[in-house]
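Spelled out from the first residue to the last, the chains are:
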Amino acid sequence: MYRFYYFDVSLELEQDTTEISAVYFKNHVMHLLNILFGEDGASTAVDVLKYDELSRRAILRCPSASYVKLRSSLTLCEKFNNIRCVYRIRNSSPCLLSLLNTSRGYNHY
Amino acid sequence: MVRFKNRYIVIEVNPINENNDAALILKPASLYFSITKKIQQVHGDFGVAATKTGLAAKYCNKWTRVAVVRVRHGAHRLVASCLPLLQQVENQNVIVRTLYTGATLQHCYKFIQHHQRSYLEKIWSKLKTEDERNMMEAALTDLNSLELFGHAEVRNKKTEVVEDK
Chain R
1 MYRFYYFDVS
11 LELEQDTTEI
21 SAVYFKNHVM
31 HLLNILFGED
41 GASTAVDVLK
51 YDELSRRAIL
61 RCPSASYVKL
71 RSSLTLCEKF
81 NNIRCVYRIR
91 NSSPCLLSLL
101 NTSRGYNHY
Chain B
1 MVRFKNRYIV
11 IEVNPINENN
21 DAALILKPAS
31 LYFSITKKIQ
41 QVHGDFGVAA
51 TKTGLAAKYC
61 NKWTRVAVVR
71 VRHGAHRLVA
81 SCLPLLQQVE
91 NQNVIVRTLY
101 TGATLQHCYK
111 FIQHHQRSYL
121 EKIWSKLKTE
131 DERNMMEAAL
141 TDLNSLELFG
151 HAEVRNKKTE
161 VVEDK
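Residue numbers (the numbering used here), protein chains in the order written: chain R, 1 to 109; chain B, 1 to 165.
Bound-form chain B, shown alone (with noise of 0.2 Å):
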């Protein structure tokens, strides 16, 4: 049985002129626009016929600014190579960092966990009070967007992970 494979790539998309600390709000299409646009220019209209049908790009959390990005198992070398040399997204400029590429959206799912840990680790230290700091975390573990690419079996092993922890 042919099924088909997906890569989920984990970005990171840091606008130039601001801080490290200041959120990134993003509209919801307008990552996946961007992409398009950049595989036009990059890889033509092969490019973006070859990634047009499995291409989706969820924007994940605006703290940490990470966004997965889905795409064909053949297709993904073409968008793969197209992600660093993202220069703008809505009018900002940005540089965006790849950080993981899975072939799961579980696999994707651990790695954001494990990342949105360590920053929150990072930053706890510079929020003064305990609720500010409840309300990071509440914001840096919430992950449901990701749901939005079509897996229940996500919210499942959700479950799981935090149990093992």
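The shape of chain R in the complex, shown without the other chains (with noise of 0.2 Å):
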């Protein structure tokens, strides 16, 4: 039915450390995809569609049917290169129009 579901997400570090650039955040995605579901999981079309560095703030895509997979992964994430992270993800939707805000942000006066 949808193509594609997108997440907001942001990682988390326990230290601040160097830059973590966009390439290897995205590889840092694949790499916790192969670790839960094998080489398989890992050649999932994962795509980083923007980027924050200072905040370290994505917004990925993936093929809906890998929802599950996807998620699964970044929720069981323990480490970033020996530094203990977690990936916060904010909002996840197959509209990425929705990702802009939710309902509770909103003001229902």
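Not one of these hints is a red herring.
DEER-style ranges, computed between Cβ atoms:
| hint | chain 1 | residue 1 | chain 2 | residue 2 | range |
| --- | --- | --- | --- | --- | --- |
| 1 | B | SER81 | R | LYS50 | 33 to 43 Å |
| 2 | B | ARG77 | R | ASP47 | 26 to 36 Å |
| 3 | B | THR104 | R | GLU39 | 30 to 40 Å |
| 4 | B | LEU85 | R | PRO63 | 16 to 26 Å |
| 5 | R | SER64 | B | THR104 | 35 to 45 Å |
| 6 | R | ARG84 | B | HIS114 | 50 to 60 Å |
| 7 | B | ILE16 | R | THR102 | 51 to 61 Å |
| 8 | R | ASN91 | B | PRO28 | 46 to 56 Å |
| 9 | R | ASN27 | B | HIS73 | 31 to 41 Å |
| 10 | B | SER81 | R | THR102 | 33 to 43 Å |
| 11 | B | GLN88 | R | ARG84 | 31 to 41 Å |
| 12 | B | MET1 | R | ASN27 | 45 to 55 Å |
| 13 | B | MET1 | R | PRO63 | 35 to 45 Å |
Straight-line C-alpha distance at most 30 Å; calculated BS3-like pairs for lysine-lysine:
| hint | chain 1 | residue 1 | chain 2 | residue 2 |
| --- | --- | --- | --- | --- |
| 14 | R | LYS79 | B | LYS52 |
| 15 | B | LYS27 | B | LYS62 |
| 16 | R | LYS26 | B | LYS37 |
| 17 | R | LYS79 | B | LYS37 |
| 18 | B | LYS27 | B | LYS52 |
| 19 | B | LYS5 | B | LYS110 |
| 20 | B | LYS27 | B | LYS37 |
| 21 | B | LYS62 | B | LYS122 |
| 22 | B | LYS27 | B | LYS122 |
To list a few chain B residues with every Cβ distance to chain R over 10 Å, as calculated:
| hint | residue |
| --- | --- |
| 23 | LEU24 |
| 24 | THR36 |
| 25 | LYS58 |
| 26 | HIS107 |
Calculated directly from the structure, the hints in this document are not laboratory data. Quick caveat: nothing in here was measured; it's all calculated off a predicted structure. Glycine residues also receive a C-beta, built at the ideal position from the N, C-alpha and C atoms.
Given two chains presented individually in distinct reference frames, assemble the corresponding complex, making use of the accompanying hints.
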């Protein structure tokens, strides 16, 4: 039904380190898929649509069928280069525009 | 009643460098370990967790190099996709061919008997003495290692099939 699933994620590290570029970010995501789902999982086409180095926040995109795989891989992430880390998935949706805001942030007066 | 369904995959493990008639001798657990390692590589932690409970690999016959892998019903697709990619068993380079997938051990047993019989017919002419031929026949029709899977029914069915023939 929907072709892609979009995530709004940010990577939070225990210690602040050097900058993580978009390439390293994507490499880490693929590495997580590899750990949990092997080569078959790492071959899913995950794209980093936007990446902000300062806040380490990204918009990821994956095929709808791999949504559960990608989400579970991000959830079970432990380390980034031996630094403890966590992926906060702020929002996820099959429609890119709806990542802008949720009804939680909207003032219903 | 929900029951545990299994799938039994019959494979042929061929070493790359040697000619076809040589017997391949493997330790009992090496096939199991190579398959688990391959699943870890291709399907990750999820694959190993999904397949480990029901996984068992038994090497049937060293002459025809036939082995049977038992897997749970849902997880059999993960294992079946890994078997052709299996390259090394016990530091030997091998090629794995999938021969048959059966839902019960009896199905596999019938297939393996047929397979062994056609192999025996092929090499019958190459064996010179009567003794050799009898020994080979005994070696090929001896499938007792399958009973290690824990099915006592295999032994009973064995006599039925022999009587039919």
